[in-house]
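Residue numbers (the numbering used here), protein chains in the order written: chain A, 1 to 494; chain B, 495 to 1004.
These are computed hints drawn from the structure, not numbers from a lab. Just so we're clear, the structure is a prediction, and the values are computed from it rather than from any experiment. Virtual Cβ for every residue (Gly too), placed ideally from N, Cα, C.
Here are some of the chain B residues that sit facing chain A, going by a computed Cβ distance under 8 Å:
| # | residue |
| --- | --- |
| 1 | Pro891 |
| 2 | Gly892 |
| 3 | Ser922 |
| 4 | Trp930 |
| 5 | Glu934 |
Capping the alpha-carbon separation at 27 Å, the derived lysine-lysine pairs in DSS-like fashion look like this:
| # | chain 1 | residue 1 | chain 2 | residue 2 |
| --- | --- | --- | --- | --- |
| 6 | A | Lys26 | B | Lys871 |
| 7 | A | Lys359 | A | Lys160 |
| 8 | A | Lys108 | B | Lys872 |
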Amino acid sequence: MTPENLILTALALPLAASIGCLIFAKQPNLRDGLTLLVSIALLGTVIAILQQFQSGQVIEASWWNFNPGIAIAFKIEPLGLIFALVASSLWIATHVYGVGYMRGNNEKKHARFFACFAFAIFATMGIAFSANLLTLFLFYELLTISTYPLVAHKETPEAKAGGRTYLGILMSTSIVFLLTAIVWTYVITGTMDFTPGGILTDKTEAGFLAILLALFAFGIGKAALMPFHRWLPAAMVAPTPVSALLHAVAVVKAGVFSMLKIGVYIFGIDNLANTGASQWLMWLAAFSILAASLIAMQQDNLKRRLAYSTVSQLSYITLGVALASSMGAIGGGLHIVTHAFGKITLFMCAGAIYVATHKTEISQMRGLGRAMPFTFIAFGVGALSIIGLPPLGGSWSKWLLMVGAADAGQQVMIGVLMLSSALNVAYLLPIFARGFFDGSIKSDADSKSFRENLKEAPILCVLPPCITAAGCLVLFFYAGKIEEFLAPIVLGGS
Amino acid sequence: MMSLVENHAAILVVLLPLVAAPLAMLFGNRSVAFLLSLAASIGSFLLSIYLLMLVKDGAVLSYHIGGWAPPLGIEYRIDAANALVLLIVAAISLAVLPYARTSIEKEIAEKNHTLFYACFMLCFTGLMGVTITGDAFNVFVFLEISSLSTYVLVALGAEKDRRALSAAYDYLVLGTIGATFFVIGLGLIYMATGTLNMVDLSERLASMEGNRTVRSAFAFIVIGMGLKLAIYPLHRWLPGAYTYAPSAVSAFLAATATKVAIYVVIRFMFSVFSIKFGFEQDTLKYIFFPFAVIAMFAASFIAVFQINVKRMLAYSSVAQIGYMLLGIALFSATGLSATLVHLFNHAVTKGALFLAAGAIIYQIGSPLMANMSGLGKKMPWTCAAIVVGGLSLIGVPGTVGFVSKWILLMAALEAGLWPVSLMIVLSSLIAVVYVWKFVEVLYLEPLPKDSQATEAPISLLVPMWCLILATLWFGFDADFTVHVSDIAAQSLFDGRFAQDAIIMGTEGRP
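Only chain A is shown next, with the shape it has when bound in the complex:
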């Protein structure tokens, strides 16, 4: 296939799946089966793009002229490709999980749910491959809109309120800050293309650069930088597959990915380092990391705790940009991958627990590990990866971020990262530990055999988190490859 067609296919497949879900609304098995096939095909397409890209080909495409001189355009670069790879591979796992969850939980309106889900993946692909700010913004907004029905899915008053917060914060930040920032960039530089090394070098003075960076950083509400993080916990009213893929991977990662992409290709890492325009962002990100962790510790609702943990982890990536060192940016890129696998595992486990026992509060989950050993072991693996312990993927990205902080001469940030790891241990491990080691039901459980005790969720809900947990393990060994692959993104400028 020609490169242009490959991009077209990667965009068309999820879009077709979305439409297919509406057409076959009344035939659940056909609908979900087709979507599964499409998700596998999408991964295949992205891998094909990867192969072509590695053979050194330039892969780009542009279709409509939005304005004279500005087109809706796509171009493959390492960062976007990694993001697309993560999103498309996790879509398969989440789709399987989603089918199990929705059926096992007797949720309603499956067709709308899966259609919006596939559409969100379409928007994610668009963000990943976008070649200029306009295209990025287009798909960014599509992602917000297509995920709104998923957040408000249950149609209860809480779901509606959550949906309003979600849409309100994401829309207003993107319209007020991000759009202004994009137009302003265009007015200053006359271009919007993502260019290695950045396009803003020497265009404006440092103070203005800091303001522009602020418009971008707060405008990308999906990166959940404090104080615009409230939408993320609010979005937890959504069914768990949504929380898993969208609010741990696609949506929030689209946010930090955009942040990274804009830092690297619009501002330019060297430019940021030379002007010091990102200093304030670094401190804010550090505050966000620690504050969100502290809030997470106080949450009893499992999904809310995970949501605040996400807020904290996302700021790692923002921090990677703000450090303005090559290692920081690469570490941020790698953290997109490792955190995605870790957090999706945790969310899918939370969902599996809900399907099996209808328990949502952490305090109710004492001793559940014995009944749901697979789920809890997967949870433990995911938690360890988030904390950043070897031999799990999360350790590498944290390591690179620390190296980045050292390179930038910001020793305080190393301390922040270490402190954050300690906080992660404090709010994630107890869930896992209490699952297995709790006195209250011990005597009762001991008398039965292992099989009698087993009360797992349906297989479709248990298998996917086990697979992604295994993924965390595999990532530990392939992190070097990803790092090598990402290295070119920061070479352009120096």
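Mind docking chain B on chain A? Use the hints.
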């Protein structure tokens, strides 16, 4: 035959509906009246595309009516700006007519149907005439044709809701004041210059900046037109008229009438008076600017609290007019281009939204939001149209609303006015509120148990979706619309309207 049509395209776009109107009345059969009107609309639509293609790269056309050369004879003068407006009016008329055929069945007594078509065609004629003419007094004549027929069209809504009569009466009073002001202004400049041809006027006015008669003429013209285009404090007639008129009429008026009025203001400011006039710049700075911003916020804010869907859309129109005025007030080619492209973009969007709202009202018989809960399930196509149209009002990328906002923001930032850009984005957040309020009602409120609602008939869906598809298409591929409005804005700024024009239709004349 072809060459005849090509040569006389300028007059035919006005003549076709003008002829269709009395014929529709005379035949007295509603199907015949419909077909005649449709044929006239199709003809005008094709011809306005043809005209736009001729001028889209900056040419100016001049057509002398009856072969009498201006300034004595009446001249039609076409550049990119008014060709674009012609296309808007003709396209909306073409979209609305097939819709009207179905929708008026429930809104207007059958004996009045031919009257409806005749008035519709007259209104259409008037709007096309105002836009195309190069003669200042001719603007007034056509303006009255369109206004008088509009009063009747609005009053036809009385069949369903008696309040249409008082709305039409309000509109009549305010519209007449506006028209009178306008004609007083024309009288004054005629006194001062002795001519009514726009090109001639611009030449003579160029040296009369200090003349008080000219100044007061300008004031009368801007305020007269300001009433017609519903500049914020002069908008009082608009919500009532749009709310109680038959749905098809609301859609047609919302999409065209105010746009044409804005075009007239632009034409008078930039082509007839010269933009270099100091008092014009003051008008922009001290009158248009603040009122535009107030409109953007106040009208949007009022829209949030409306319970009648059509009234909500009407207030949203007042707010959108604020954006168009803001573009003019920024006083740059980019700003003007933003206004012109928004004329087109808003016409498509608001037309579609009024048609969709009308379709719901047609099905459930009530314009109140409270009666529309849960309709997303029963009327998926109509409600999807409302969502897309609403997103365009907000200015979400991928819709035409975004294109307008993009250019307007660019104009504000190019002028270095970042507080203005902030106001533009902040005011569009209010649009999020009123659009989403409606979307939540349609999709997330429970459907009443005894609901009998079904999807609207295909004859309502097709026109609505044609406009929605245009909303999306020109949102992605705005090359054409932006190109035309850039050219139009540039030539308005350069005063190209008054320079050499290609004279059409001389073939076969002595």
